[in-house]
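From first to last, the protein sequence lines stand for chains A and B.
With numbering that gives the first Met the number 0, letter number 132 in the first sequence gets 131, and the count goes up by one each step, no holes.
With numbering that gives the first Met the number 0, letter number 42 in the second sequence gets 41, and the count goes up by one each step, no holes.
A couple of the hints might just be wrong.
Derived CB-CB ranges, DEER-like [as the list claims (entries may be wrong)]: (1) A:71 with B:173: 30 to 36 Å; (2) B:201 with A:61: 29 to 35 Å; (3) A:45 with B:36: 28 to 34 Å; (4) A:45 with B:224: 45 to 51 Å; (5) B:183 with A:61: 47 to 53 Å.
Hint data in this document are derived by calculation from the structure and do not stem from the laboratory.
Please read all numbers here as calculations on a predicted model, not as lab measurements.
Backbone N, C-alpha and C fix where the C-beta goes; we use that ideal spot for every residue, glycine too.
Read off the chains here:
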Amino acid sequence: MSLVHDGDASAFEVIFDRHGDAAFSLAYRMCGRRAMAEDVVQEAFLSLWRSGARYNQSRGSVRSWVLSVVHHRAIDAFRRDSIRTSRDVSDEGIAEQLPATERTEAEVERRDEAQQVRTALGELPADQRQVIELAYFGGFSHSQIAEMLKLPAGTVKGRMRLGLTKMRIALGNSAGAVL
Amino acid sequence: MTELDRTAEPRDCGADVAAYALGALEADESDAFARHLETCSICRDELASFQQVVDALPMSVPQHRAPPALRRRVLAQAGGGAERHGTAGRHDPASRRSLRRWLPSFAASRTGLALGAGLAAIAIAFGGVELGSSGAIRTKVFSAQVVGAAGSAEVRVTAGHAELVVHHFAAPPAGEIYEVWLGRPDQKPQPTNALFSVTASGDGDVDVPGNLHGVNQVMVTPEPAGGSPVPTHPAVITADLT
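Turn these sequences into a full structure, and let the hints steer you where they fit.
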């Protein structure tokens, strides 16, 4: 990342090649529309290019940092998008799913970790998983979620806390713990 | 209800930690909680543990390949595009995905009609530029003429596979979509099943399907949604491949 900060375009290219698929996947999951997802990823990477200095190694991996920027950009895009259309992803085959083939040891490890996260999320009680997904992938505030689900705001926040706590335990206990 | 469900009542100051980690607090609440974090080590610790979980959430989504055109746009705008590093020829044609919609039955049944003599007249021959200096696969780039609209377009041909790329190009009129046509000397333009639109920033790319043997022009017309068996508008993009 220091090379990116120094304006090394080839280093930036490496960053995109390593994390572009994950970034697009997250944006596509959040936006549900390919064009919007592309815009989000484009904005995110260009902001990374311009602000490489802000990466703090002590606060996580480059991948986490990249994805957090993509996440924030998607939320910004939602706020600009006055028409809050459904963002449930209906693939329609328009985005190419990554093949299941595993090419490197790192990819195998990453795939295993992804499976653990999917399992941990999938094993949550539906009401807890729902509020976490609405908040993180949908970009909705707890107040909006409370209104949608006709629940007290405190209940929504409580479910978020329970859900994240269970995921933390599950991921911490899993073989090859993710956390 | 599990033991955890019964014991973790969110009555303490940590009630907002999870919502904060998920970015789900309202702006004023978030600011207030950030101030609270400065003085509460318990919440800081809990936030750190939750943040790890939140950071892992993107791993749970289905993985898709980032479109090659997106990569090109990002790298180009960063000032060090793929071409600068000689990587344009490294694109794997199998990985290309774009804004296309496949309409096989529609494409198979239709017959091409002439786009009009004016179409050929506006086409200006541009020499192809080969990209990629080291790899065996080379990409030849043909600039296209854009008519009646802003933006730019080019056709990239790699190993007999063509891709149309547009930048800063206007979206098709409401209810319409862009359709790609192939032209051969002394023949009527042939329709393809490549239909596309552009992103909000006017960028887009589409694979040009079909056999390129003998093709000397790639054209684009706006057509009714779903495409048309015959061109209903003049071409807005014309790329001469000779």
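Now for the hints, and whether the structure bears them out:
1. Hint check: residue 71 (chain A) to residue 173 (chain B), Cβ distance near 32 Å, so the stated range 30 to 36 Å holds.
2. Our hint of 29 to 35 Å for residue 201 (chain B) and residue 61 (chain A) holds, since their Cβ atoms are close to 30 Å apart.
3. Distance hint check: the CB atoms of residue 45 (chain A) and residue 36 (chain B) are about 30 Å apart, consistent with the given range 28 to 34 Å.
4. Between residue 45 (chain A) and residue 224 (chain B), the C-beta spacing of about 32 Å breaks the proposed range 45 to 51 Å.
5. Separation of residue 183 (chain B) from residue 61 (chain A) is about 49 Å and conforms to the stated range, judged on CB atoms against 47 to 53 Å.
Hint 4 from the list above is the single one not met by this structure.
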